[in-house]
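As they're listed, the protein sequences go chains B and U. Counting with our numbering, you get residues 455 to 738 for the letters of the first sequence. Counting with our numbering, you get residues 689 to 988 for the letters of the second sequence.
If you are wondering where the hints come from, they were derived from the structure by calculation, not from laboratory data. One or more hints might be untrue.
[As the list claims (entries may be wrong)] A partial selection of chain U residues facing chain B, derived with a Cβ cut-off under 7 Å:
(1) F709
(2) L718
(3) F720
(4) I721
(5) I829
(6) V869
(7) P879
(8) A960
(9) G983
Beta carbons: idealized from backbone N, C-alpha and C, even for Gly.
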Amino acid sequence: MSVNEVRRKKRLYFSGKILLYLFLLFGILVMVMPFIWMFSTSFGSVETAFSLPPRWIPNLSNIRAYQQLLKSIPFFRYMWNSFKIASLITVGQLVTCSTAAYAFARLHFRGRNFLFFLLLSSMMVPIQVTVVPLFILMRRIHLYDTHASLILPVLISAFGVFLLRQFFLTIPRELEDAARIDGASHFTIYSRIILPLSGPALSALAILTFLYFWNELFRPLIFLSSLDNFTIPVGLVMLRGQYDVGSPTRLMAAVALAVIPVLIVFIFAQRYIIEGVTLTGLKE
Amino acid sequence: MYVKVKRSEVGRREALTSYLFILPTMLGFLLFIIGPVIAAIILSFYYWDLFTSPKFVSLGNYKALLHDVHLFIVYKNTLIFVLGVVTLEVGGGLLIALIINRKLHAIFRYVLRTTYFFPMITSVAAVALVWNLLLSTDLGIVNYYLGKIGIPRINWLLSSEEAKVSVILVEVWKNIGFYMVVFLAGLQNIPRQFYEAAEIDGAGGLQRFFYITFPMLSPTVFFLMIIGLINAFQMFDMPYVLTKGGPGDATRTTVMYIYETGFRFFDMGYAATVSISLFVLIIILALLQFRISKGWVFYR
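Kindly produce the complete structure, drawing on both the sequences and the hints.
Structure below.
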């Protein structure tokens, strides 16, 4: 190879690398830009909200939009509602899924495989099929427009049982054998040995469940009707319906308030969130 | 004899414990999944508006299903979304993962992973409201910056074709980080020795991709395709907030149609019927994918 040829190859390699970095940088911009625009718009005034070119630097002293927002809708209440619903569902699922997963992973009983298969096949059922009868049921038992109507039907999760069972199966049995010889009950083994060893799987399930129900729109839209019961996503949609393009600053202030808690949690727990999501994505 | 009795007693106790352990899940399963599914099937033979008493209409709802022009449109939209979203999410996610997996500066990789992933955990309602403003034809910044590089204004949300593209793109924008991190994890699971051996044999980049990376990654690709398919078929939030199903019916999905039929017009029987048709279609397509997967998915 001549010197020139080597140089040419080197140049090609570097220009390729620069192109690659530019491409990825552009991707980063596309991912981040909507959030920055939303943030700076929420600190702007209605007159300048749509000014072009956009103002990227927020004027943090102008909190008019936030004041108007908090006067027009009980946003912190929605936040509390979302938090309450998502946490209760998460705790409930951790309990029901981990006990069922323990039985399916470790205990012997008649019909085990059949029941497990039946449960798994229910993952294929789209919620749109069950939501119509559940809506009728909730009206019948006077739970319509309560948070219970959202929480009760999802206190169990076939996916959660599956995820935890797969994880429990990887825990060496020798650990339990010693306890069993000492006469430990199944409940003791479950609570003292299996659960403490399942931190990663339990936290993955908790994170996924919490995020899913914190962000959920479809069911709250159906099961809730009074303003005070709304969750954040429903509140956001209603706010848009009410003002439409009328007050983009107020709308963006609401979106900012909805996104910021998620962002803060993400910054601190990023590793766990990504690992948790990946763990569930890699089940084979 | 003694041992035998003892063992069966232990077994019975174990079974009893097991049933207690699975009781909450099975109870919920019966009450909130099996029960409603059966109820939905029964409901599909009735006309019921919740206010008058239910009226048995035999196969009436299913006949209506076949002649429903509206339903045809929403299914067509849904299929377009499924095709566009799944292709871009899986293809794009794989592409970005392959790029990031190369030798990049650690900080740069960290920033990439964080920023690409973040939209995934925000609510669709929130980000769709932002994109709704960004994509505004006259006042949106997307058209503004496109104009800067000489691209004429695009009617992102107001013309039927472009609105479909917008829904697909924003949905992909939101989810691509998930596909990326799952692919990244899959890539990191491929033993390094495979590549070293290939290098010794003189395999080039493309050969390495087609003979090592892709076969090793194929179970992940398949898994993500199934997940993507099921999610895209149930798309509701994005078109509901971004375009409200419009313009006209251009971005109305099957699930939006179920929502409107059931909870706006209170036609419970027909809503149940449409939801069952969606269920059946998802199952058929998932099974079809499983069938086809035997030809290209490689399990170690």
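Evaluated hints:
With a cut of 7 Å, the hint placing U:F709 at the interface with chain B holds, because the nearest CB-to-CB distance is about 4 Å. Violation of the interface hint for U:L718 is found here, the shortest Cβ-Cβ separation to chain B being roughly 10 Å, above the 7 Å cut-off. Interface restraint check: U:F720 against chain B, minimum CB-CB distance 4 Å, threshold 7 Å, status holds. The beta carbon of U:I721 is positioned within 7 Å of a beta carbon in chain B (closest approach about 5 Å), and the interface hint is therefore held.
For the restraint placing U:I829 at the interface with chain B, the shortest Cβ-Cβ distance is roughly 5 Å, inside the 7 Å limit, so the hint holds. Interface hint at U:V869: satisfied, since its Cβ lies 5 Å from the closest Cβ of chain B, which is below the 7 Å cut-off. Among the interface hints, the one on U:P879 is violated; its C-beta lies about 16 Å from the nearest C-beta in chain B, farther than the 7 Å criterion. Interface hint status for U:A960: upheld, as the beta-carbon distance to the closest one in chain B is roughly 5 Å, under 7 Å.
For U:G983, the suggested interface contact is broken, since its CB lies about 19 Å from the closest CB of chain B, more than 7 Å.
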